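Number of protein chains: 2
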Amino acid sequence: MNILYIMFDQLRFDYLGCAGHPTLKTPHLDRLAARSIRFTNAYTQSPICGAARMSAYTGRYVSSHGAHWNGFPLRVGELTLGDHLRAGGVDCWLVGKTHMKADAKGMARLGLSPDSIIGARQADCGFDVWCRDDGLWAEGPAGRYDEKRSPYNEYLKQKGYAGDNPWADFANAGRDGDDIASGWFMRHADKPANIDEADSETPWLTTQAIEFMTATQGPWCAHVSYIKPHWPYIVPAPYNDMYGVDDIIPVNRDDRERDDPHPVHASFMNGRIGTTFSRDEVREKVIPVYMGLITQCDDQMGRLFRHLDETGQAEDTMIIVTSDHGDYLGDHWMGEKDLFHDPSVKVPLLVHDPRASADATRGTTSDALVEAIDVTATIIDAAGCEVPSHIVEGRSLMPYVNGVDHPAPRDYAISEYDYSSHGACQGLGVAPRDARLFMVATRDWKMIHCEGGFRPMLFDLRNDPRERIDLGADPAHADTRRRLYGMLHDWSLRMSQRVTVSDADIAARLARGGGTGVVLGIYDETEIDAALTARYRGKVPTAPGD
Amino acid sequence: MNILYIMFDQLRFDYLGCAGHPTLKTPHLDRLAARSIRFTNAYTQSPICGAARMSAYTGRYVSSHGAHWNGFPLRVGELTLGDHLRAGGVDCWLVGKTHMKADAKGMARLGLSPDSIIGARQADCGFDVWCRDDGLWAEGPAGRYDEKRSPYNEYLKQKGYAGDNPWADFANAGRDGDDIASGWFMRHADKPANIDEADSETPWLTTQAIEFMTATQGPWCAHVSYIKPHWPYIVPAPYNDMYGVDDIIPVNRDDRERDDPHPVHASFMNGRIGTTFSRDEVREKVIPVYMGLITQCDDQMGRLFRHLDETGQAEDTMIIVTSDHGDYLGDHWMGEKDLFHDPSVKVPLLVHDPRASADATRGTTSDALVEAIDVTATIIDAAGCEVPSHIVEGRSLMPYVNGVDHPAPRDYAISEYDYSSHGACQGLGVAPRDARLFMVATRDWKMIHCEGGFRPMLFDLRNDPRERIDLGADPAHADTRRRLYGMLHDWSLRMSQRVTVSDADIAARLARGGGTGVVLGIYDETEIDAALTARYRGKVPTAPGD
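Quick note, the sequences are listed as chains A and B, same order. Just so it is clear: in the first sequence, position 14 is 14 by full-length UniProt numbering, and no numbers are missing. Just so it is clear: in the second sequence, position 379 is 379 by full-length UniProt numbering, and no numbers are missing.
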């Protein structure tokens, strides 16, 4: 069996037809959901691309792998999905985005060249690269956001789009007469991107995925990782005006959230992104385009699934669809991601297993508390490889997929955020190492602990499912906060770094027992089996001068 | 300046004349103490050789580096003292014991050969090896405890001691007529080891250290790491009968400790080592020999310090003396180490800085809460290298050495112990990953948190300095336990894995700001500086078909 591990970027958990969006059209993903189990309580490990993805690729919490933010290198030697799959004879390929930053210092220290197979896998987060495109080819006075080669830009140039950065000038811009109308400026969002739809990013990456599947023998896991619906919010026709203001779901915000906000929420709310997305004209311009980007993604899913059907690969291919995090889109007076309200921290998660063993759960949903790192364990498990529980902190969801009895993977979900690289850190006057937030969520409650001396945030998910009332300072809920802190503390003492020794290794050591001649606490030979101490009996050998 | 980083193995904090032992003779170390600052509240990071040493060599907590127990490999790529010193142009050499186990799997995965300089340093915990001797050449039916080459055994063979393991037959055995009287059996402890004193382990390693200093150009840090006074408890004449029963300090134990013991304490207390060391005949046989081993170590210190004086190196050599952990010697009904009573978890720590900057503190003591990982930071700092605070979790003690104003390094000390490889784990029916203990100590209190569902232990260090009354279940001290748990939880959320990015790196990123063309939350070009967005203005380049 092969595994398509499909990840979208910044796709909200509730922006799918199958997830209940009233106007958004995602028929192909809805059809997949009818043949999958859909998880409705799936949390990203961090509401920021880089950290979330390093967790997804290592199966470890952010504070376990240490790559807390975009562009923070994943330390050399950290084990990845690719290591665990290849150990079981399954290849692990990349088609698209990882946001991986190589630990160049660490590689140099260990003499690893990016030109070697070992070095290349270290530099690319354990993947073998069919096509890597991190999809953010922005340029400013300080240079490019991403200095890597852009295969997508090369494709566009070869197709005849002029200039050195057609990603910026065509794929992510409309036109205003003869002028570029850049998608970075949201007033242009509803303009059609100035590009043939077939040449835009999502169809291009889908073509890469189809070419990969055509050319590559299995068993493989392919991480098909799309850039969209991530900003810049702009999309080619017909998707640019497919949705209108009437198709937008009501904004979820409340004046009470601004009256006496938690300082951390306030610092993001009052930043440029928060204030911009709090303007209705911005939401009304951007959200229909965000929806168009999603429907374009869905149409490309249709193309991909059709290819699987037509080539007979469908019955032999597991399909997982998720996202790295969500998008506030103005909810809670926020834009982008950063904090832990559902629109930001929850992700869609579909698991389609073609095998008969999964028939019982097709079309069902589970509200189990799932974390992104569980997907890593699920892929390793589904591929028939061993999930090393001393390294991978996620838990396989295959018991859910197969509908068999099993203990819940956990009683609470954790997500983390290090905002030391965000302006809010300076704004709050917090030291970089204190700019860390930890979410603890049960089915009933969500608490956010803030390092740096701030009070926690607390939301009652049963009675305030829209998370509008922060009970973090409410004396009536001190016991609940204490209970959730207990969970956070249990988690924080987890064993996360004993990665060179498994529980099985320890059992084997104990079984071997004291047979290596170290006999402690023995006063007299007669106290233990002579066989154990034979080496310490007998005649004295010759000494110097004897 | 060069640095002699001297470590003894299993030397109790209170078994030095300068530390107040009434009968034990350590004149050379006492003289060093008169020229040093001595820390009276220094804690090992773990009361077990391997874990404690991996913390000493990385400057990181046990649960940060993950090598929890003897023989648990230190993960490849983990940074060590050697990495930090060499980055500053200072060599870092090993003369003696590390207890390092190479991460062979990790090295193979990264293609590192132990024959290469990089691979050899990975395999030897970051040291360049002058002489490595882990000093435990035991043998049993299951083979050798240590399969490495034994330079000490080679030395003894070349001197004419016959057999393939003269370490076992001579250096660590007496004779009983023509028979071997092995030091593993403590009834033989007081017999003189059947070896010329000059050929025994401690003098041999001292000779290695002197040869190193004679042959090697500085600046260097040399880890001179002795095996003794670690068991087997046996020593050559005249040290074997230098002390008698009257020289033993009173045992620190109390029947109340056995009446209603904490289950974890009970499991160790009732094990073979605990029960053996609870027999007075054992203590009276072993402790005088343990004291003799220490005086032999002290005489060798005299030899080493004389060499420094005679060669003029003394004024240019910093000397640090410590141990990896202590030895219960029957206190609290325990032998060996394993738990967190002072005799086990506290270590001696002398820091002698020959520079005038340290004159103010010579002969003084400090009762600051010091951890073994502080020594790592102190060495890096004293050598004039940068202490990378995002990697090294210890704090430099140089402000204490120089007697300048400074904040205390911490309000509480942490020590950890993973007993999953100890029989007590099975005895208690604890899962391997739950067999973990965490000590939190302030000047007034010491609490031990136990994973696996046990209550904590608690000792009132002011009113019960001998730690005989476990208040872990006393309702009167619930607030104290809550306060100490608060400290443990603060510690457990520390940032320990963001090792690829420093706070300075983050500051530089923020200073660079948004100059790379990613402009978020901008509705209209006019909202920001045109220079930042110039790349997104201007005429549309040629498109296909234009």
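Worth flagging that the hints you see were computed from the coordinates, not collected in a lab. Fair warning: there could be bad hints in the mix.
Pairs count within a copy or across copies, as identical chains cannot be separated in the list.
Said to hold, decoys possible - Only pairs whose alpha carbons sit at most 25 Å apart, straight line, appear in this in silico DSS-like list of lysine-lysine:
hint	residue 1	residue 2
1	K539	K105
2	K157	K539
3	K101	K25
4	K285	K25
5	K159	K285
6	K105	K148
If you're wondering where the values come from, they're calculated on a predicted model, not measured in any experiment.
Structure-based check of all given hints:
1. For the identical chains of this complex, K539 and K105 are neighbours neither inside a copy (57 Å) nor across copies (41 Å), given an alpha-carbon limit of 25 Å.
2. In this assembly of identical chains, K157 and K539 lie within 25 Å of each other by CA distance solely across copies; the values are 17 Å between and 85 Å within a copy.
3. In this assembly of identical chains, K101 and K25 lie within 25 Å of each other by CA distance neither inside one copy nor across copies; the values are 35 Å within and 57 Å between.
4. Taking the shortest Cα distances, K285 and K25 sit within 25 Å of each other inside one copy (18 Å), while across copies they are farther apart (84 Å).
5. Taking CA atoms no more than 25 Å apart as the test, K159 paired with K285 passes in neither setting, with 30 Å inside one copy and 88 Å between copies.
6. In this assembly of identical chains, the alpha carbons of K105 and K148 lie at most 25 Å apart only when taken from the same copy (18 Å versus 31 Å across copies).
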